[in-house]
Structure formats: C-alpha cells, structure tokens
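Two chains, two separate frames, one set of hints: put the complex together.
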Amino acid sequence: MKSFSWFLHPVIIFIFSIVALGLSLFLYIYWYVEVSAGLQTVLRKTNLDPSQFVSWQTWMVIMVLSILVGIILVGIFIIFVYQMKANALYRLQNNFINSFTHELKTPVTSMQLYLETFRMHELPREMELKYIDYMLADVARLTENINRILNLARIEAKIFEGKFMLHDLVRVVEEFCARNGELFRMSTIRIHNPSGREFPYPINRPLFEMLIMNLLANAVKHNDSETPEVDISFLPQHNGLHISFADNGIGFERSDARKIFRKFYQIERPGRPQEGGSGLGLYMVEHIARLHKGKVRAASKGAGQGAAVTIILPWRPEQPAAQLEPPDVQQ
Amino acid sequence: MEAADTIKILVVEDDAHIAEGLHLNLTLQNYDVQIAANGIDGLRKWKDWRPHLIVLDLMLPGMDGLRVLQNIRLEDERLPILILSARGEAADKIKGFGYGVDDYLAKPFNLEEFLLRVKRLLSRAVWQPGQGERSPGDRESVWSVYVFGNNRIDFTTASAFCRAGEIQLTEQEIKLLKLFISNRGKPLSRRKLLEIGWGYSRDTTSRTVDNFMVRFRKYFEDDPQKPVYFKSRRAVGYVFEHE
Numbered sequence: 001m002k003s004f005s006w007f008l009h010p011v012i013i014f015i016f017s018i019v020a021l022g023l024s025l026f027l028y029i030y031w032y033v034e035v036s037a038g039l040q041t042v043l044r045k046t047n048l049d050p051s052q053f054v055s056w057q058t059w060m061v062i063m064v065l066s067i068l069v070g071i072i073l074v075g076i077f078i079i080f081v082y083q084m085k086a087n088a089l090y091r092l093q094n095n096f097i098n099s100f101t102h103e104l105k106t107p108v109t110s111m112q113l114y115l116e117t118f119r120m121h122e123l124p125r126e127m128e129l130k131y132i133d134y135m136l137a138d139v140a141r142l143t144e145n146i147n148r149i150l151n152l153a154r155i156e157a158k159i160f161e162g163k164f165m166l167h168d169l170v171r172v173v174e175e176f177c178a179r180n181g182e183l184f185r186m187s188t189i190r191i192h193n194p195s196g197r198e199f200p201y202p203i204n205r206p207l208f209e210m211l212i213m214n215l216l217a218n219a220v221k222h223n224d225s226e227t228p229e230v231d232i233s234f235l236p237q238h239n240g241l242h243i244s245f246a247d248n249g250i251g252f253e254r255s256d257a258r259k260i261f262r263k264f265y266q267i268e269r270p271g272r273p274q275e276g277g278s279g280l281g282l283y284m285v286e287h288i289a290r291l292h293k294g295k296v297r298a299a300s301k302g303a304g305q306g307a308a309v310t311i312i313l314p315w316r317p318e319q320p321a322a323q324l325e326p327p328d329v330q331q
Numbered sequence: 001m002e003a004a005d006t007i008k009i010l011v012v013e014d015d016a017h018i019a020e021g022l023h024l025n026l027t028l029q030n031y032d033v034q035i036a037a038n039g040i041d042g043l044r045k046w047k048d049w050r051p052h053l054i055v056l057d058l059m060l061p062g063m064d065g066l067r068v069l070q071n072i073r074l075e076d077e078r079l080p081i082l083i084l085s086a087r088g089e090a091a092d093k094i095k096g097f098g099y100g101v102d103d104y105l106a107k108p109f110n111l112e113e114f115l116l117r118v119k120r121l122l123s124r125a126v127w128q129p130g131q132g133e134r135s136p137g138d139r140e141s142v143w144s145v146y147v148f149g150n151n152r153i154d155f156t157t158a159s160a161f162c163r164a165g166e167i168q169l170t171e172q173e174i175k176l177l178k179l180f181i182s183n184r185g186k187p188l189s190r191r192k193l194l195e196i197g198w199g200y201s202r203d204t205t206s207r208t209v210d211n212f213m214v215r216f217r218k219y220f221e222d223d224p225q226k227p228v229y230f231k232s233r234r235a236v237g238y239v240f241e242h243e
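Chains A and B are the protein sequences, given in the same order. In terms of this note's numbering, the first sequence opens at residue 1 and continues consecutively. In terms of this note's numbering, the second sequence opens at residue 1 and continues consecutively.
To be clear, the hints were calculated from the coordinates, so they are not data collected in a lab. This structure is a prediction, so every number in the text was calculated from the model and none was measured. Even for Gly, the Cβ is constructed at its ideal location relative to N, Cα and C. Incorrect hints may appear among the rest.
Stated by the list, open to error - Stretch by stretch, here's where chain B covers chain A in the computed footprint (C-beta under 8 angstroms, at least three residues): (1) 116-125; (2) 255-264.
What the hints assert, rightly or not - In the DSS-like style, the derived pairs of lysine-lysine whose C-alpha atoms are separated by at most 30 angstroms in a straight line are: (3) B:K93 to A:K130; (4) A:K105 to B:K93; (5) A:K85 to A:K263; (6) A:K301 to A:K163.
Chain B extracted, bound-state conformation (with noise of 0.2 angstroms):
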C-alpha cells in the first residue's frame, strides 16, 4: 500500500467553509489535499493533479456536479469518487450511483463516517492495478467491443473497423462514442455534448461538436449525407441509434 502522505484527494466543494473544514481534516488525517470551487475548475484539477480519490458536492456554480461526474467516468471508470450532497433522497442517490459514483453522504454529514468512508475507498482502489492512469491497454473495462451495423469499435485498443477500414480513434472521438452508446436513442443537446465530452472548456464551440459529428459519420455510415446511427435532431441535438 502506498505510503499515506503521498495520496491525494481532490475536493470539489463551492461552500468555502466546508470545504476549508474537508481540507483541514483530510490533511490531518495525513493526506494530500486540493480544493475546487467549481466543476470547472475540479474537472481542470483532476486532469492536472491526478488526485486518488475525489470528494464531489453536487450543487456546484456552473456545471453541475452530476455532469463533473459523468466527465470523469467518460475517461476513468475507476477512480474513487464520493458524492457529498445536500440532496439527499434515495432518487438522488439512485441518480447518483447510476452515474458510476462509489459513495455517497448526504449533508449534513459525520464526520468520523466521512474519514472513514474516504480511507476504505482508497484502500479499495490500490489493490486494482492502473488506478486513476489513462493506459487503455490494460484497464479491465465495462467497454470492451461494440457493433452496430457493419461498424465494430474495439474499446480496448481504442480502434474501429468500418466503412474507412480499420482506424485508431482519439482519446476524444472515444470519449463521446462512448457518451452516445451510453445514450442510445436518446437525443443529447449540443450543450450537454460539450459539458460532458468536453468539460466545457473555453476554447471548444459547439461547432466542435459538429465537426466531430461530421467526422462519425464519415467513419461510420455508408452514407453520410444520409445518416442513420448518427442522426440530428433539429433544435434538439444529436442522436445515436440503430436496431
């Protein structure tokens, strides 16, 4: 097990006093420990610093913290979280888990329970190999292969077989096959698309986003003028579906 003064935990908390409170008990307790005010800055945190475990509130400024969540799970199925929420009824919690989360304590919390929860999750974690490192080779993964029509996306090597032939597909272009076969057949806004393939950075528009829809399309469909697996929805968004 990894020496505990090396482990770090991101809190992701707008209240300045709770989170200065997580901070100071986390800290104690002999971890690492940086805080985000927003989703945004807690997404930017997390792919920079590379914390263990994440400590997410729900009612953020800005992105919600539902959607910090599904970000992250996009990319890393395995890193700890646990949701620190006001909203605690079990249709949260539910929504929550749904999303991937490992935890969740509802506001206002025990202290003890917290510092006791957070210790197991990370010793949970260290006795999978990879945790929190982006190597798509050797994750063991909910992902592994997916076919519809005469295309077959091979998670595992971050490839695809279609009409273009066998390719290797990008980080992002993953990211959002995934976030659309997470979503099959219901349709996703151009916004959504943004916050949770992107993390809403400030550099992407959503002509991003149609640029990469035109892209799918040029991979997967036989006609992309014609499409049928990655349709628009005017005024709405953009759907993934097929029998």
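Next comes chain A alone, as it looks inside the complex (with noise of 0.2 angstroms):
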C-alpha cells in the first residue's frame, strides 16, 4: 500500500542511524583503549616519561563521548518525531482539501444544473418555485462555508473584529441560545447555572459566539438520537470557571479525545459516511478559547455514550474590571 512505504523510508533510515551512531560509539571507546594500551607499551618500552602524553581516564573518555553521542541520537529524534508529525498534517491537510473541494464544487454543480435546465425547458410555476427554493438552499451551503475558511483564517492570523469587553457569560449563551432558535428547534438546548452567580469576563463576542455555534453543532450534528440534547453548565471550580457543553450524541473512544482538537482531524467511523464535515470545529474552539486565556477539555465515557466539552476559563469570583487585560489584537 502506498501509505505503507510512505512510513517505511523515515523509520528505517532512523533506525539504521540509531544503529550506525550506536555502533561508532562502540568502536570510539573500544578503539581508544587499543590506542591507549598500545600507547602504554610504548611509553614502557622506550622508557619515555609519561607526564609528557596527557592521558586521560578512561572512564571520562567514554563519559564525553557517551555525552555527544546521546545529544546527536536526541536530536535524530526530535527530526524524526517532526517528520512524523508533518507528514500527519500533510495527509489530513489532503483529505480536508479532497472533502473541502466537494463541499464547494456540489451546490455549485447543482445551482449550474437547474439554472441550465431553466434555460432549457419552461417548467411549470410551482416546479420553478421548488427549485429555486434548492438554489437558494444552495447558496446558504456555499455562504456557510466560505464563512467557515474565512474564519480559520481570520483566527489564525489573529485578525478579527470586535474588542474584548467584560460580559456576563451566562446572558451571552443565553441571548445566543434566543437568537439562533431556529437552527436549534429539533434539538433541546438546556442551559444550568447551578451557582445562580453571574459571570462576567472580557471577551470578544463575536468569536466567544463562533465558539458556542461550533460546539452546539458538533453536539446536534454528530447525535444519532431522536432530540439531540445539549446540557450547558456553568460551574465555578478552583482553577477557574468550568462551561461543559454535554451532549447524548455518538461519543468518542477515550484515545480521540485530545486528537479532535487538531487542525483537520475527523473521527473515522467505518459504519457512518464521513460527515461532510472539515475536521476544524473544535480546532477554532481551542484557538479561540486560548485567545480568552483559558483551555478546552473534552470527555466521553465511549462509543455511543455522549461526549462533553469543558471550556476552562481563569475567571476569578472578585476581579475589578480594570484588572483583566485583553489581549494583544490588529483590528
């Protein structure tokens, strides 16, 4: 398979040269202390005074050499661990342009297909209506994903608009949760506030807003339920505030739950069809919640048992609003 000798080539040549630095070390040492008694020989047999040669101990050659040899094979490693890694992003970078062209390419194919089709028939009102109705839906796809690239990159080049002001989190999901009603209406959004507390923290709405869609999408869209459920909470623990957005969707085995936060990273299920999805969602989460200084955990007891994603933010019960720095932004 070609993925096979893909990972092949790197391995063995990092192998071989663990095996080639391990062996010149071997002969360094074997060859310096034949070098050496040979020395000590001659130093007997011509009588010559042995202060004149430096000779060192033994044991502190093979500690020097040991050393550097050590550093070399360190760095081999720290190469390799690299190569590895850019290869993943390399390979993932390839499926998410593969899905990523199909996802663009198909409303337009379809906008195409019945603007020709127009052109070509006179079709009866109420059928022009409905099609118009698939272009239009179309549009939406398109819109939506171009937003989604436009995004990333925003995000990642750390260009966004909005400043970071103080807001009550709780009335931030809240209003989200009024606002977007309808994209949520088959699914049951709960929001807890156990504390009964408010929670203000300085935050960039309009991104802390991007964070909440993708997670409530990701919730509804991978969920095999009836009603996709969602539970937010809003915990204040000792490290900080805890937002958990838990789901009764598919889950995830407990190996994936750092991997879904890398760029491009898409859970492969053999039985479901690749949710047309771009393996960024949560990607943006962590970056944009790294941007309001906290972090992002994700938990799943399993397959099929539901997941939950906790944003950990440094929100301290008494902080005076002139205390909290917003970070460094181009507006």
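So, in structure tokens, the structure goes:
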C-alpha cells in the first residue's frame, strides 16, 4: 500500500542511524582503549616520561563520548518526530482539501444544473419555485462554507473584529441560544447555572459566539438520537470557571480525546459516512479559548455514550474590571 | 434502435439536489430514471432493475464510486457507465478509465454536454448484441482463457480444467477469479474482496471470503495445505501469483 512505503522510509533511516550511532560509539571506545593500551606499551618499552603525554582516564573518555552521542541521538529523534507529525498533517490537509473541494463544488454544480434546466425548458411555476428554493439553499450552503474558511484564516492570523469587553457569560449563552433558536429547533438545549451567580469575563463577543456555535453544531450533528440534547453548565471550580457542553450524541473513544482538537482531524467511523465536516470545528474552539486565556477539555465514556466538552476560563470571583487585560489583537 | 421511453438510466448520486436535477432533465428527455443515494443501493438497483446506462458519482457515502464501478465491471463490461465527479484532475480521470468507465465528466458540468454524452453512449451500446444481459456464452469479452500452472480457466464457458478435473464455475467464483487475476501479485484485503467481489451485502462476512479461498485452493492447488497460487498474507489478505 502506498502509505506503507511512505512510513517505512523515515523509520528505516531512523533505525539505521541509531544503529550506526551505537556502533560508532562502541568502536570509538574500543579503539580508544586499544590505542591507549598500545601507547602504554610503547611508553614502557622506550622508557619515556609518561607525564609528557596527556593521559585521560578511560572512564572520562567514555562519559564524554556517550554524552555527545546521546545529544546526537536526541537530536535525530526530535527531527524524526517532527517529520512524522508533518507527514500526518500533510495527509490530513490533503483529505481536507478533497472533501472541502467536494463541499464547495456540489452546491455550485446544483445551481448550474438548475439554471441551465430553466434555460432549456419552460417549467410550470410550482416546479420552478421548488427548484429556486433548492438553489437558495445551495447559496446558503456555499456561504456557510466560505465563512467557515474565512473565519479560520482570520482566527489564525489573529485578525478579527470586536474588542474584548466584559460580559456576563451566562447571559451571552442565553442570548445566543434565543437568537439562534430556529437553527436548533429540532434539539433541546438547556442551560444550568447552579450557583445562580453572574460570571463577568472579558470576551470578544463574535469570537465567543463562534465558539458556542461550533460546540452546539457538533453536539447536534454527531448525534443519532431522536432529539439531540445539549446541557450547558456553568460550574465555578478552584481553577476557574468550567463551562461544559454535554450531549447525548455518538461520543468518542478515550484515545481520541486530545486528537479531535487537531487541525483537520475527523474521527473515522467505518459504519457512518463522513459527515462532510471540515475537521476544523474543535480546532477553532481551542484556538478561540486560548485567545481568551482559557483551555478546552473533551471527555466521553465511549462510543455511543455522549460527550462533554468543557471550556475552562481563569475567572476569579472578585476581579475588578480594570485588572483584566485584553490580549493583543490587530484590529 | 429501441424506443426512447424504454431506456432506463440509473443515477447514483448522494447530493439530493443534483440527483433530482438529473432525474428531472433525463425524464424530460424521455428516459426512465431511478436514483440511488449510495453505492450499496446503487448496486442493488443495478442488479434488480437492469438499467441501460449508469451515471455514477464518485464521492459516495460508505462504498466509494470506484468500488461500485469495479463491482459492476466484474460482471458486465459492456454496460455504459458515465462518471460525474467533483474530482476532475487528470489523475482521477486516468484512474476511472483504468477501471473501465466509458465517460468522465467533472463537476460542475454543462447540462447540454452531459445530455449529449449520455445520448451517444446509449446509441453506441445498441450496436452491440446482448447489451447488459448476463449470458456468458455470447458475450465478446477480453476474458477468454487463462492458464496458470496446470490449471486452465475458460471464461467463455465458465469452466475450468484443474486438479479436480473439469469443473463448472459459479458466477461468484468467476467474479472472484477475474478480480484476483486483474490484481495479480497485489494483495487484496478481505474488505476489498467483499466490497468488489460481493458488493458488500449485509449477509456476507469475511468467513465467506475464507470459504471461497479454501474452495479455490482445493480446485487449483497441487497441495491445498501449501498454497502456491492463492496465498494468504497475514493481516493483509490474499494474493494471487504465479510465474
């Protein structure tokens, strides 16, 4: 298989280098000992003053050589690991490009098809209207895709609108859900605030709303239940505010818990078709969380058992607004 | 030439809008059209409905379009198949043609061009006898006789001269043999064998593949316990090779 030979070459080179390095260390030491012994014999035979020759203790030679070889070893290993990561990213990027190309070309194809059909045939008005609605849906789909890519580019370049201002996070989430009720009308979204208090924190509202949107969209999309449910909870803990988004979706294996935040990463589920996503949602969520000085964690009891994504923000109960410093942004 | 309204076209396309648009246009051209939204449904409709032409998208959920193509070609090399795909690079086209597709159109496409290509493919298909029919006897085929070791497979009569004498081969056995021969020297995983050889239907398991291999070895190997032609590769699958 093509991917096998891809892997094999760097691994073989790596192993080969390690073996060569080990062998050379052994030989250096061995030859040193030989030469040293030989030199001792010459000295004895010729009665020369040994103090004229620099004599190193054998153990020191071995130590120095081993340290140097050790450093080279670590260097090779680090380069190897970087190479593997670069390969993996390249492959994921390739997959992304393929699936994204399809995502963009499909609505365009649909629109061209219907427009050319209209040109060729005169159809009854209700049929026309039906197909015009299809085309409008395709425009919406295209727009959404374009925005997704642009958002990603903007976030990575740290170019975004809106300043960081103090907002009560519970209110922000409540208002977001109310405003986007239409999108999530087939699902149940509940907000829990057991402590009942407000959580003012400096956020960039458009970005934070993008984060909420991504998490909710994920929870609802990767979900087989009759009614997808998402429970958003605000839990102040010792290390900050935990905002968790728990769903009753298809969950994931423990081993994927950190991987899903990687750029372009999508969990492969052989039974299900690829959901046509971009693999970028959680990557953006983590990025946005970091811009807000927070972090993200994902947990799931296993496949089919739902998942919970938690944003952890360094919120402190008594924090005067003046102390909170927004991060550096280009406006 | 057959009357236009009895010509059946199967469209295998997962995007609902495009599928309906194709259905609409082909129906307006007086063809009889059915849609399949994924590879498995497409193969089922091909077997049950026997279309005269198939319009195939490549990026399908579950089974990939190329696997569907290979599956069909194992049984029917004549059926006109047109690929309609967002993947329009030369490399993709070459791959498609390598697997035996008759035409390849990249998306987004021009409707008039598409309709004309469909029309042309259909009119060419009519000139050859036995279009789309499964009579191994009168089909002119690139597969005739294949010899390896002391075995001789005759595809035209679906029979083989081998260790066990002269035997009749079942359709499934012929398909698998064709698959192995066209991939001579290349290991095939059980999954690939299931998808291409059987169209991966729900009641086949990889035990089925293993049972077939036992059968082949019984027919064609001098010593079935030590296979020379149908070898297994651990964790990869099976491979067919000979000098």
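Results for each hint:
Judged by the Cβ-Cβ criterion of 8 angstroms, the segment 116-125 of chain A is covered by chain B as claimed, because 4 of its residues qualify and three suffice. Under the rule that three or more residues need a Cβ within less than 8 angstroms of chain B, the assignment of the segment 255-264 of chain A is violated, with 0 such residues. For the proposed pair B:K93 and A:K130, the alpha carbon gap of about 34 angstroms is over 30 angstroms, so the pair is violated. As the CA atoms of A:K105 and B:K93 are separated by approximately 17 angstroms, the hinted pair is consistent with the 30 angstroms bound.
Distance hint between A:K85 and A:K263 is fulfilled; the C-alpha atoms sit about 12 angstroms from each other, no more than 30 angstroms. In summary, the hint linking A:K301 to A:K163 is not supported, as the alpha carbons are separated by about 38 angstroms, beyond the 30 angstroms threshold.
Violated hints, listed in ascending order, are 2, 3 and 6; each of the other numbered hints is respected by the structure.
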